[in-house]
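Sequences listed follow chains A and B, in order.
Under our numbering, the first residue of the first sequence is numbered 1, with each subsequent residue one higher.
Under our numbering, the first residue of the second sequence is numbered 1, with each subsequent residue one higher.
What the hints contain is simulated information worked out from the structure, not anything from laboratory work.
All C-beta atoms, glycine included, are put in the ideal place defined by N, C-alpha and C.
Watch out, some of these pointers could steer you wrong.
Unchecked claim - Calculated cross-link-like contacts (lysine to any residue; reagent style SDA-like; alpha-carbon spacing at most 25 Å): (1) K21(A) / K287(B); (2) K21(A) / R54(B); (3) K574(B) / I424(B); (4) K550(B) / S82(A); (5) K73(B) / S59(B); (6) K21(A) / V30(B); (7) K574(B) / L749(B); (8) K73(B) / P54(A); (9) K73(B) / R62(A); (10) K287(B) / P194(B); (11) K73(B) / G63(A); (12) K574(B) / V284(B); (13) K73(B) / S67(A); (14) K550(B) / L749(B); (15) K89(A) / R35(A); (16) K73(B) / A85(A); (17) K73(B) / A28(A); (18) K550(B) / T179(B); (19) K574(B) / Q787(B); (20) K287(B) / T720(B); (21) K73(B) / E68(A); (22) K73(B) / R35(A); (23) K73(B) / S51(A); (24) K73(B) / S66(A); (25) K73(B) / R77(A); (26) K21(A) / F28(B); (27) K73(B) / R27(A).
Said to hold, decoys possible - Listing some non-contacts, in silico: residues in chain A with all C-beta distances to chain B over 12 Å: (28) K21; (29) I47; (30) P54; (31) E94; (32) V105; (33) R110.
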Amino acid sequence: MALRQQPGDLLQGTLGILILKSLLLGRAHGYAVARWIEDTTADVLTIEEGSLYPALRRLEDRGLVSSEWGLSENNRRARFYSITAPGRKHLRNEAAVWLRYSQAVTRVLRAEPALG
Amino acid sequence: MSDTPLWRRYLRLTSRDVAADVDDELTFHVEMRVERNLALGMDPDSARREAARRFGDLSAVRGALVEHDAHRKRADDRRELFADLGQDVRFGLRSLRRAPGFAVAAVLTLALGIGANTAIFSVVEAVVLRPLPYVRPSELVTLGPGSGGEYLALRERLRTIPQLALYSTQTHPFDDGVTAQRLEGAAITTNLLPMLAVSPVLGRGFTEEEGRFGNSAVLLLSHALWQRQFGGSRDAIGAHVMVEGVAHTIVGVMGEDFKFPSAATEYWQPYTFNPDNVGYTWGVGGKQFIGRLAPGATLAQAQGEVRELWPALRTLNPLWDPGPEYGRDATADLLSADQIGTTGRVAWLLLGCVLLVLVIGCVNVANLMLARATTRAREFSLRAALGGGRGRLIRQLVTESLLLSLLGSLLGVALAAAAIRWLIAVLPASVPRTHEIALNGTVLAFTAIIAIGSGLLFGIAPALRATRHAGASASHGGLRATAGVTHHRLSGMLVVCEMTLAVMLVIGASLLVRSFQALRAVEPGFEASHVIAARLTPPAAEYQDPARVKALYSTVLERLGATPGVRAVAAVDKLPIAQPVYGLAARIEGQFEDATRSLPVIWHSQQVTTSYFATMGIPIVRGRAFTDADREDQAPVAIVSESVARQFWPDENALGKRIGYPWQSPWLTIVGVVPDTKQDSLRDTLASSLYVPWQQRTRMSGSEMWVVARTSLDARAVATTIRAIVRETDRAVPVSDVRTMDAVIGHSLGGTRFTTLLVGAFALAALALGAIGIYGVMSYLVSQRTQEMGVRLALGAPPRAVIRLVVSRAMGLAAVGTLAGIAAAVVVTRSLGSLLYEVSATDPLTFAIVPLLFLLVAALASYGPARRAARVDPVQALHTA
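Only chain B is shown next, with the shape it has when bound in the complex (with noise of 0.2 Å):
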């Protein structure tokens, strides 16, 4: 407070104005001249003419006063408000050094919450917010997947998006003559770069003449593979490297920050199209296609227009009728959009869960705050009756909240810094745009916007109802049963409102952790354990005969088969789990033969060798497995899954059916019948699949294939058996993904541990939030009422009557939060959805055992105040009275 008394404060308050005041002073001086010039006996006129010319030059002293006083008050106010200021922070620093208990529960409450929120919203901001790194990006959409073929016919006919790119991601091995790895690239229509308006940042990009076929030997480097292999040297441009065994040239290496589309992209080379290979062009789909929209046209309208023209691409398909269905589903998206993916929803959720904590951290505060400024009581009466009015406590108040919210803040910031350093490591790999993730100018706004909310949200009841007496009544007797008993009351929904929060977190969160079990317990038909597995990634160009990829694998495979330790070793063109298995449109003698006609769609489609099944430990059902004799220039045999059976000939036997591809090729006679398995993940629910021999596979399969082996001990001791064998018999070929099948699927399930893993520590967080928060107002109460609790055992209540009347007041405001908290769960689980695996929304078991467990915890928390209140001294308790 400054030194002006108050009642100056006042006069100054109510003064007209700074000008006002100068002219009472100056007029009050003429006035007092004028006058004793009139009592020295001059005339009126005589009178005022003497004073005027005393006086001088009045409206110059009058202007230089008001001026002078009008800067005067400014800096008078401003001085004040510091004062002030200044002075709530002292005394609200003074009153928490006295109460160290409170204020260390307190900061390390809203640290915990504050820092967990930051780290959490940093990884919103960087993977949700944060605008991709090309020129106006929200122009850009995606349509696809779909065929070069699709490609090149909607490139011709969208109006809205006359710009459309296509891009490809695969795995190719890369050569530089020094090591052969398998790398992550993509293949990138010429006009992809300049649409995105994004350049290299040394050397050139492609020219419209590399997307020619059979020009295209030319590369782009990512940053990162620049450093790693040419250590950041200009000399790359222009240097050979090997791509699938060609000779590729490097024009270009790109910046640091293009991560198209992935961060995992490593080099990127031009898409084209062999005017020769109708079949190719229009037979596999899987490209991405991604497009700017036509200046003024919105995503709506390319919508709708993509929707209209993709089911009118049916006619133009050379190879088949895609049926009627075809281009139903098609539609295009925003690029933010469909690279944010399901990623966006699991990270808002994450964000809601660390909020609702902190809230719940907030009220624990409220709540301390509260009792705390009951026992204040006196110091704020005492205040009021100095003179302090209400809003000057309240500020106060206020001031000793951000005090509070401050220090857990920075503390919150120092935490998040470390979480962040620990999410950016555990991330999944799914999560795009994990290494942009940073403490940056956004995030730290957020952390400030919530630290000012939750001093608010807990700083502004209590200190309302604090005050609300103080100014009222001095005589403190009579204030402190009021407050006592208008706390009570405040707390005690406070104390509902924290369980209702925590109740509909920690069901939310066991729904997540009985889905993740569920889905933990999902047999995958195979035997995953003592199966370890690894891709070989032949270079094309040096396997482009078919008898050497067999003299390869034939190679591989005996070598490893005959290694000490190995049972049985196979090789599978796509590993079950660690990639998307496809599969294909099928034609059944009999039922669906005509391949321009729409036929059933079999969900993944895999060639196998002889012993594939007896290492993978899939038992055959009905008839046998392949055998050496299922070569090439025998019948074509086939097996399938069992609902591939069930599905096509549910009252016959399929042994001896036939299937076939949907382009004109010979029928596949079917010889056995396997159970289904878990193919693309374990949520996997399309389970038909089709097994053919690898040794009868068709002209349009490529190379590369897994190697799978199972052991009699610890696969992972086979790994480096597996790399050394393929690297004696031809080092151009990468190996890579070495992994027990076990790996692959905890790999696999790698999102959804963490996303469990972070909802349910947030539960537990806010489990224990509201244990602590009833424990903290019941032992408040207890100590409020020691009187009354002396005069109940002072007339003879036994000392469990009194434990019973603590216990069931603290569960009477559990049950209130938990059905609140049951009511609120019930809607917002809904939105969890697809995050849950045979796991119900509202799922009966989750929804009876957490309320119950809350009930068990407000009880428990209630049990140790209670006993406190049973052994009350009934002569002491009275004494004090």
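So that you can see chain A by itself, here it is in the shape it has in the complex (with noise of 0.2 Å):
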């Protein structure tokens, strides 16, 4: 819970990748995308879902991730967002580098405390 509470630092990168991680199954609307990262993260990391938003704003502009109007699951009008080739691409490189980050950072912490 206490990533709730600062948002900004760690997330903001990682927002976007989630995102992205989450738009591979296919289209889907904002609420769709809040939906899986609760479901995939097991809660874990919930994420205050208005700043879902702007982050997808965010995305849009930098062309990684398009956007359009279409009808909802129940028949509502919602916006639907899709990965493009460069999202998928970006996503590729940030998930190699995030993956290579968090290994470090694990062997770290698992590593014997040193003598002394």
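Starting from two chains that each stand alone, build the complex the way the hints lay out.
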């Protein structure tokens, strides 16, 4: 829950990756993206849902996602987002960086403490 | 086109606005969350609270999104517009490249039209439109001409023109110690420069003191003269030069742009009134008055006051009674209008003609566009089927037109730059402010306007016509037939318009050409060939003694007469055609003797030496020429022209009758009668002339004379001899205007020749464009109706019938256009009025021949296409059907 207090620092870049990842399954509206993150992280990384939308706009401005209006599963007018080809490429790169980083941190944390 | 698919643009266009979209999106999110919470078993209240808590600060997010989306929408709109424009331009260029013949023809036509318009407009702009370079130029008015006495009287009386100045142009010998030359200058009252709010760039203006008689030996130089004679040195101030043989001190130099009253003016000196010479003050007119309107006074008020005041000056004239008509036609005019004079009308006329040529050119290009649009009908219907709206297609076509006119105007401006240089060189000297003609911002703005105007003119109608069926019908078969028919009607109309304008222009030009020919055919009444003239201007101060003047001319004439190849020599005070030959009011013995009553006017009077008539080739009709016996101490004699004799002694012999100057003086006995001659110009209709022997001349005359010589061979060969003889006789006497009489006459026609030449060239262009128009439309018609021609031929029609069909269609169009052109010309040529000489504005010959010419041209232009139609192979034509 500590993360929810400070979504800025760590989540700023991460949120984008999470959104792109969620869109790999196909186009989705903002609520579906929020639900996917919620379900996938088992609510560990619960985000402030309102921050999702500015993040989506930023991704769209960078050409990583595109948006269009469509009808939701319950026939309501909703804005759907899809990942673009540059978005997929960006996700691959960022994910690799992220994985290396987290592995390094994990390794450090699991290492035996030095004698002293 | 941007990447956005059309249907999405549609959605965006119909969505209410950016804020509503953001609200939709966020509300959807929150409501989905509430629904899920409810499904998880929460009560409605906590479901909402939980959803809101999860979302965070809704209004902050909403605000940020609305701002972001609005910004993006504006950027998108802009990009789309430019993307569309860029695409239109790229597409337009591609489609022009695919039709290079069409593109080149259109661009060249437009370049010539726009270039000619730009060049002529640059003249109109500099000469007519640009305000005079003085403070509040719209307040400046001119009056007169009149005498110094009239000026002094008016200056005291005029309320609407409280500031009034006088100026008088003059040409005097100007001697800086190195060369004596004859320069044009102006005497100005000392209040003139302050009134114009102009001061010298170097030195000072005239003081009031210098405006008094006897105090005025000071001079202002023009910038050009200062550069030429003094190399632009400041030492010029205070230097002395001889003007009319009197030493003058240079006190100042005027700015480069001060060209008053004309660009030829090279120096200014104070105008003074000699209180002792009432005869000069009241007796010599021709001075110009210039004034500044009182604050709040209008030109109309000033004109009213002048009309009222001037006739009242009649009683002030101490010399004679100027008569009941005196001052009746006096008026005031704006200085700008006065300076522009008739040049303004000619300039507008030329601009009108050249605009007509451009419009005709545009009609031709429109016809080309139309023909092309019809061949592109499939492309249009395809694009319409693919979702390009009619508006989008029209925009594409208009973009193509504007692209053509842009290319045309770029080339046109380059042509205009060359044309302007040429115009400045050949414009007649009477045109004011030619040195200011340039391709400036105003001119280029005009070019931009006519370029866009012509782009729309020739682009819109074809675009509307071409796209009319594009949206409705995608089946190309049907399309071609309908488009073909409407195309023919529209292009026929265009050709008729074109013919109308061209006929009008050619009729106008023909009238000018005929009037120029009439002018050239005018017999001046003297034999101009083999005569050369030169103007001698002895400095007045050195030639105050009449005996000295007499000695100068006697020596020069004697030596010139002894030159081999010279058959006769004479001197005359005013050379016909080269300058106005003013006349005088005359007393006639037994008819008009009282000089205090109004006297009849003899329009021209000259002082001539004895052999003037022989030298100029003017025959003596009755009586005798002047002889050496008509000396100063003998009884005064005169020779008159036939119309004088006719006017005053219609049934008697004029010989022996007596005539007199309008002041108290001995009668002159008429000893000879000569034919009327052209004096002021070839257009001169005021025929009466009075000649007096130079030896009996009056005191008031100046010492400037023209020497004329008749030669047996080429008169030009004598030019250097004249200069040399005068130089050897007295180097202080400037010789100027050494020209043959043929050249003098040619020069006097310069303005008319220039106008006629330009209008004639425009008319030829119009005629050629008209012929091209007919040819183009007929060619197109034939190519579109190949099948019909094939069928006709297959059914046994002789080729001649097919030819007749095509030609008669062309003649039909030409006839309608020609008739309309005649009607338009009747209205328009009336405005030529004073530009015509001895040709009526509705000259029947011109009005008959020009239309016939156009019909002939139309027949010739359509004959080629008609022959092609007659040679159609019926089998092939039917196959392609």
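Hints versus structure:
1. Note on K21(A) and K287(B): the hinted pairing is violated, with a Cα-Cα distance of about 97 Å set against a maximum of 25 Å.
2. Only pairs whose Cα atoms come within 25 Å are accepted, and K21(A) paired with R54(B) is accepted, the gap being roughly 21 Å.
3. With a C-alpha separation of about 30 Å, the suggested pair K574(B) and I424(B) falls outside the 25 Å cut-off, and the hint is violated.
4. Using a Cα cut-off of 25 Å, the hinted pair K550(B) and S82(A) is violated, with the two alpha carbons roughly 111 Å apart.
5. The straight-line distance between the Cα atoms of K73(B) and S59(B) is roughly 21 Å, inside the 25 Å bound, and the hint therefore holds.
6. As the CA atoms of K21(A) and V30(B) are separated by approximately 22 Å, the hinted pair is consistent with the 25 Å bound.
7. Of the pairs offered as hints, the one joining K574(B) and L749(B) holds, with about 19 Å between alpha carbons and a cut-off of 25 Å not exceeded.
8. Our distance criterion of 25 Å between C-alpha atoms is met by K73(B) and P54(A), whose separation comes to about 16 Å.
9. Restraint check for K73(B) and R62(A): the C-alpha separation of about 15 Å stays at or below 25 Å, so the hint holds.
10. Straight-line distance between C-alpha atoms of K287(B) and P194(B) comes to about 19 Å, which keeps the hinted pair within the 25 Å bound.
11. Between K73(B) and G63(A) the alpha-carbon distance is near 15 Å, which keeps this suggested pair within the 25 Å criterion.
12. Restraint check: the Cα-Cα separation between K574(B) and V284(B) comes to about 16 Å, which is no more than 25 Å; the hinted pair holds.
13. For the hint linking K73(B) to S67(A), the alpha-carbon distance of about 14 Å falls within 25 Å, and the restraint holds.
14. With a C-alpha separation of about 34 Å, the suggested pair K550(B) and L749(B) falls outside the 25 Å cut-off, and the hint is violated.
15. Restraint check for K89(A) and R35(A): satisfied, since their Cα atoms lie roughly 24 Å apart, inside the 25 Å limit.
16. Note on K73(B) and A85(A): the hinted pairing holds, with a Cα-Cα distance of about 23 Å set against a maximum of 25 Å.
17. A hinted pair counts as satisfied when its Cα atoms are at most 25 Å apart, and K73(B) with A28(A) qualifies at roughly 22 Å.
18. Note on K550(B) and T179(B): the hinted pairing holds, with a Cα-Cα distance of about 23 Å set against a maximum of 25 Å.
19. Taken as a hint, the K574(B) and Q787(B) pair is broken in the structure, with Cα atoms around 76 Å apart against an allowance of 25 Å.
20. Pair hint K287(B) plus T720(B) does not hold up; C-alpha atoms about 35 Å apart against a cutoff of 25 Å.
21. Pair hint K73(B) plus E68(A) holds up; C-alpha atoms about 14 Å apart against a cutoff of 25 Å.
22. Taking the CA atoms of K73(B) and R35(A), the gap is near 29 Å; set against the 25 Å cutoff, the hint is violated.
23. A distance of roughly 21 Å separates the Cα atoms of K73(B) and S51(A); the hinted pair therefore holds under the 25 Å criterion.
24. This hinted pair checks out: K73(B) and S66(A) have alpha carbons roughly 14 Å apart, not beyond 25 Å.
25. Under the criterion of a C-alpha separation no larger than 25 Å, the hint pairing K73(B) with R77(A) is consistent with the structure, at around 20 Å.
26. Distance check on the hinted pair: K21(A) and F28(B) sit about 22 Å apart at the alpha-carbon level, within 25 Å; holds.
27. Of the pairs offered as hints, the one joining K73(B) and R27(A) holds, with about 22 Å between alpha carbons and a cut-off of 25 Å not exceeded.
28. Once the 12 Å rule is applied to beta carbons, K21(A) is consistent with being away from chain B; the minimum gap is 19 Å.
29. Listed as a non-interface residue, I47(A) fails to keep its Cβ farther than 12 Å from every Cβ of chain B; the least gap is roughly 9 Å.
30. For P54(A), the non-interface assignment is contradicted: its Cβ lies about 6 Å from the closest Cβ of chain B, within the 12 Å cut-off.
31. Every beta carbon of chain B lies more than 12 Å from that of E94(A), the smallest distance being close to 23 Å; the non-interface claim holds.
32. Distance check for V105(A) against chain B: the nearest CB is about 28 Å away, which clears 12 Å, and the non-interface claim stands.
33. Non-interface call for R110(A) relative to chain B: holds, since the shortest CB-CB distance, roughly 34 Å, exceeds 12 Å.
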